[in-house]
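Trainee: Letter by letter, the chains look like this.
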Amino acid sequence: MNAGPDYLHEGHSLRSWLLSTDHKRVAWLYLLSVTAFFFVGGTAAALMRLELVTPAGDLLAADTYNEMFSLHGIVMVWFFLIPAVPAVLGNFLLPLMIGARDLAFPRLNLLSWYIFAVGGLFTVITIVAGGVDTGWTFYTPYSSMFSNSNVVLAIVGVFVTGFSSILTGLNFIVSVHKLRAPGMRWFRLPLFVWSLYATSLILVLATPVLAMTLMLVALERLFGIGVFDPALGGDPLLFQHLFWFYSHPAVYVMILPGMGVVSEIIPCFARREIFGYSVMAYSLLAIAMIGFLVWGHHMFVSGQSVYAGMVFGLLSFLVAVPSAIKVFNWVATLYRGSISFETPMLYALGFIGLFSMGGLTGLVLASMAVDVHVHDTYFVVAHFHYIMVGGMVMAFIGGIHFWWPKISGRLYPEFLGRLSAILIFFGFNLTFFPQYIMGYLGMPRRYHEYPPEFQIYHLLSSAGAATLAVGYLFPLCYLAWSMFRGPLAGANPWHATGLEWQTGSPPPAHNFATTPQVTRQPYAYDPTRSREDRA
Amino acid sequence: MSGAMPLDDAVQILPAQASSVAADVDALFYAILAACVIVCLILFVLIWRFSLKYWHSRDADREAHEPQGFRLEFAWTVIPLLVFIGFFVWGARLYLKIEVPPPDALQVHALARQWMWKFEHPGGQREINTLHVPLGRPVTVTLISQDVIHSFFVPAFRIKQDVLPNRYTRIWFEAIEPGRFRLFCAEFCGTSHAGMRGEVIVMPPAEYQAWLASSAPAESLVARGQRMFRSAGCSGCHDPRSTVHAPDLHGIFGRTVQLRGGATAVADEAYLRDSMLLPDSRVTAGFAPLMPSFAGQLDEGEITAIIAYIKSLDAGDSE
Amino acid sequence: MPDSRALRAQFDDLGQQREAAALGMWVLLATEVLFFGALFTGYTVYRLAFHDAFVAGSGHLNVVLGTANTAVLITSSLTMALADVASRSGSRRAVIGFLAATAVLGSAFLAIKGLEYAQEYREGLVPLNSLVFSYSGPDAERVQMFFNFYFAMTGWHSLHLLIGIGLLIVFIVLAWRGRDRVRLEGNVRAGALYWHFVDIVWLFLFPVLYLVR
Amino acid sequence: MEKQTVRSFVFVYLALIGLLALTVGSSFLELGRLNVFVNLAIAAIKAGLVAAFFMELRAAQAVVRLAALAGLFWLALLLGLSLADFLTR
Ligand code: HEA
Ligand code: HEA
Ligand code: CUA
Ligand SMILES: [Cu+2]
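Residue numbers (our numbering), protein chains in the order written: chain B, 1 to 535; chain C, 1 to 319; chain X, 1 to 213; chain G, 1 to 89.
Simulated from the structure, these hints should not be mistaken for laboratory data. It is possible that part of the hints are untrue.
With beta-carbon atoms standing in for the labels, derived distance ranges [stated by the list, open to error]:
hint, chain 1, residue 1, chain 2, residue 2, range
1, B, Ile125, X, Leu48, 34 to 42 Å
2, X, Val170, B, Cys477, 46 to 54 Å
3, G, Leu72, X, Asp12, 30 to 38 Å
4, G, Leu40, C, Phe44, 49 to 57 Å
5, B, Gly11, X, Tyr121, 53 to 61 Å
6, B, Leu459, C, Arg49, 35 to 43 Å
7, C, Gly69, B, Arg529, 18 to 26 Å
8, X, Leu128, B, Pro182, 52 to 60 Å
9, X, Val170, G, Phe73, 26 to 34 Å
10, C, Ser215, B, Leu459, 39 to 47 Å
11, G, Leu40, B, Thr54, 55 to 63 Å
Partial list, computed: chain B residues near chain C (C-beta under 10 Å) [said to hold, decoys possible]:
hint, residue
12, Gly57
13, Gly234
14, Gly337
15, Pro413
Note that beta-carbon positions come from the ideal geometry of N, C-alpha and C, so glycine has one too.
The whole structure should be built from the sequences, with the hints applied where relevant.
Mentor: The following block contains the structure:
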């Protein structure tokens, strides 16, 4: 079989990377830019954690601190976590997993990255010009009338990036519908593909509302067309409704693909078919769907009607049911498996634990009465970092490790991999567990100085952040090394069953020498044969 | 755990329970927490056991088990669902209790602005960043902001309410323990958001009365409102003796008002406030829209005083 | 076998490619629905709250021009639909003719819209920074809120139309230069879907803004 | 060109213009709150005509019709749940 050179060797010029419409090369563009943004956001986090070591506001001025958490939130959400799994792993793997030669619209895919880059550029300009201080939530009337920072620039950055999300989502939806290989029925799709499909629905249907809402804020700042202006009878809660109509579903964009990754890793290292495949697929769709109905739970104390609050509260509990099913099904997959603990598996297990803890505290928040107390405290900060960092970032790094042999064609040092997984797990808990406690004690968010009784928790948290930072630097270094020096991996080092493993590592430019014929379920593992498989 | 001194530096693990709802909120919190801990324990134990038992180099029964997948999945769909609905009902009832003020509460007004809290008591006592309240009596704070959104947060009371520009919101509490408790602004409001802090001082009733007396200003809130009512020119039209055809405001508070165009509105605080700032938006039936807008001429404090005065006008008083 | 450039590498046949393009276009339109949806939601909230002011504001719009514009846009949709049909079965000249007619009608719409804006500007109803919103009737603030929505909604719509006209011009040039049938047909198909969508948005904007009672 | 299709397009066009006249006409009647519903109903019919005929939704693949419906459905969610707050304050 001769499929020509692999995609890494299709061309070596810068041009051949920057203008390539090959989904695998576009994935690389995203991987590099997203990693850069992660360290930008991480540096902001490091500065915040340093400031919070002492109760006094001594290291950073108040305004600087406000710019830091705004920058941190904006960068981490829109320029790191939302594109991370879909645009990197999704872009790379979706065509491979459905047996296609590329996405449905490869040029559009490249365009998405350029749009993303332009949005990122605006964000960088925002930072250079002095930052923005509204928080990632851009609440009016602060953002529209009172803030003296570069709100419009920041909004343009987010607005532009929104289009890149939309186009990626569109591309994925059409590809899954129209480009599946012969025999690839819907219920033979890997769960990762299902998760990308559910994610894409959210991207396509929620992002435009955010774009329009932010544009209205910009219109108000630039031209005085103030639809949120209180002096004209404008209702600040309207902004919040529109914002959360996007942003709650968007938090599921920041978890569903991670769930998909974990659903690939666990069967592979437990050598067992995933437990309850079809329920796993349906629950992804259910989370995406119901996730659109709960946004008001961010507004329990905002002055929203109490009755609307209760409707949103009930629906928030309901959206947790499919998440519960998923957690139990992952655990059930381990039963009678043949388990081993390579690096990706460690990340996947870490995901299950940390996501559960984050999700379960989400229930505390959804219960309305307790949220009245913990809203806008560090309890909420801990909740979402447990899910977004403990869950999704773990899944992202785990996924990168799992598919690294496919992406680069090489292996990474396993010992270092396991070490940093464990380091990150401990650093993470040290950083964010104390935040639950101080949150319940009443420590408000977005405070650069705070009463002294909270200091001990802040200290622990900052110590954890330093550990975490070191943990993140490890993979960065050894993966970069492995890219050039690592031992060759071979087509299928994990003996995994997905279609993506049936082509070379790295895959050839058009993925498959011949279009694959799919005849079976995605997770045809046999735990009784695992020794032979591993040999 | 005495919460009497939450302002000291000692390390705390749990916040003081200083209001009538604090224990209820904590109970719900612990209940959910307990469920979470149990679930997490089950998960961790299972993962641990499976990891050891089915470790790849161990001998174990790995044959496919008989398919009872459906029953299991049904169980772990329905059981969480029922638990969740239970928590929802519990939470919703408590939420209603926290959100809806009792009718007989003491009324305090709060004005939030970048970056301070101003409070005004019915007796006209005014204070900044400090709020004195009596022990064991429900207090309703009517909140309004002069600029951006702020949020009134007293952790020891487990209460929080956003403070909006142009709209009254309300929060209530009944302190059950004397002492000084932290007040935070919980909604990001700009540069000194973190400095927008204060304290709530809870005093036994007798001490509270003494405090009220000692800091009594020259005039009460209503008296100030009455003065404003004259000096701003309201009385020129609204005085029953005035020649301008304007509605009599006696007994208007809480009444249902007929508006031009057939609609009705209840004359609550928001309505009175709109009448001064946006008089044309809801014109009273039978009157011409003559009233000028006082937006920009009256600040929120003055508006609060005038509203207090209008509220004090009983229907019987009109001559 | 059609021109080899017409079939892209990731597709097996033209049927698949066509279906993918149609689906992609409709997904994009679903996105657009929510784009405008955010505006319509805001509008609805305020209109329910400030009904009288919105009636008053609406009364200052020029219903005659608005109606004329609606008719213009409907007509342009007809010519666009005909261009679409022609690209499948008619002559290249017919395609170019209908596309050109559509572009002209679209421009006419924008011209009339500009006329209306000018009129509103003269009456001091444009709530832009430096321009003074000088509405003299009662409840000026909330009437201004109506005009904020009026300008945001019609402005955003006009922008869409402008993009549509640009696309049409590109297609006309491509057709002129002799682009192959299959690809031209695909372009016109996509352009038509977009154009009709922009028309539909207006069909709602018109009663919602001009005919408030 | 396909005569059949062209003929149907012209009919749809005439219907659209007729409905336009109807909306404008109805707005001069004193129907109170009903005016809104009449206007929106007519707009919906017009939009339906354009979509079904000009955009050929009638003959489209099932998934395309689904996409069209999805847009509307999600718009309904946005409006419905927002109003659930604004109308019950
Ligand atoms: C990836 C991101 C992500 C995810 C997946 C979630 C998931 C959930 N979130 Fe979270 N949330 C955020 C990110 C996320 N959230 C962010 C960023 C904020 C703050 C935004 C800001 O203000 O800046 C926030 C804020 C937030 C609030 C508002 C808090 C406040 O500001 O006052 C609420 C309130 O209800 C909430 C609830 C929930 C719930 C119920 C879930 C559920 O989906 C969780 C479901 C999962 C589980 C429940 C765990 C697994 C289940 C089991 C193991 C079952 C067994 C359990 C039992 C039987 C008890 N979240
Ligand atoms: C979406 C993803 C995401 C991610 C990955 C993170 C990652 C982290 N976050 Fe963040 N966070 C948010 C999303 C995210 N966060 C959001 C949305 C908010 C709300 C913002 C708002 O209020 O508007 C928030 C807010 C927030 C706060 C609250 C600020 C406040 O309210 O005042 C804090 C405080 O501790 C915090 C800390 C951290 C830390 C320590 C990490 C760590 O995991 C980061 C670790 C990474 C690094 C540290 C970088 C790598 C290493 C180096 C660059 C070397 C140099 C560094 C050192 C030597 C220390 N975050
Ligand atoms: Cu006031 Cu924060
Ligand atoms: Cu949410």
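Trainee: Each hint: holds or not?
Mentor: Checked hints:
Checked against the hint of 34 to 42 Å, the pair isoleucine 125 of chain B and leucine 48 of chain X passes, with Cβ atoms roughly 40 Å apart. Separation of valine 170 of chain X from cysteine 477 of chain B is about 48 Å and conforms to the stated range, judged on CB atoms against 46 to 54 Å. Against the hinted window of 30 to 38 Å, the Cβ-Cβ separation of leucine 72 of chain G and aspartate 12 of chain X comes to about 32 Å, which satisfies the hint. With their beta carbons about 55 Å apart, leucine 40 of chain G and phenylalanine 44 of chain C fall inside the hinted range of 49 to 57 Å.
Look at glycine 11 of chain B against tyrosine 121 of chain X: about 55 Å separates their beta carbons, and that is inside 53 to 61 Å. The given range of 35 to 43 Å is respected by leucine 459 of chain B and arginine 49 of chain C, whose C-beta atoms sit roughly 36 Å from each other. At about 22 Å, the beta-carbon gap between glycine 69 of chain C and arginine 529 of chain B stays in the expected band of 18 to 26 Å. Distance hint for leucine 128 of chain X and proline 182 of chain B: a CB-CB separation of about 58 Å, consistent with the stated range 52 to 60 Å.
At roughly 33 Å, the beta-carbon separation of valine 170 of chain X and phenylalanine 73 of chain G lies within the given 26 to 34 Å, and the hint holds. With their beta carbons about 40 Å apart, serine 215 of chain C and leucine 459 of chain B fall inside the hinted range of 39 to 47 Å. Range check, leucine 40 of chain G to threonine 54 of chain B: about 60 Å between beta-carbon atoms, so the 55 to 63 Å window is met. For glycine 57 of chain B, the shortest C-beta to C-beta distance to chain C is roughly 7 Å, which falls under 10 Å, so the interface hint holds.
Interface hint status for glycine 234 of chain B: upheld, as the beta-carbon distance to the closest one in chain C is roughly 8 Å, under 10 Å. At a threshold of 10 Å, the smallest CB-CB gap from glycine 337 of chain B to chain C is about 5 Å, leaving the interface hint in force. The interface hint given for proline 413 of chain B is broken, as the beta carbon of that residue sits about 21 Å from the closest beta carbon of chain C, more than 10 Å.
Violation of the numbered hints given earlier is confined to hint 15; every other hint is satisfied by the structure.
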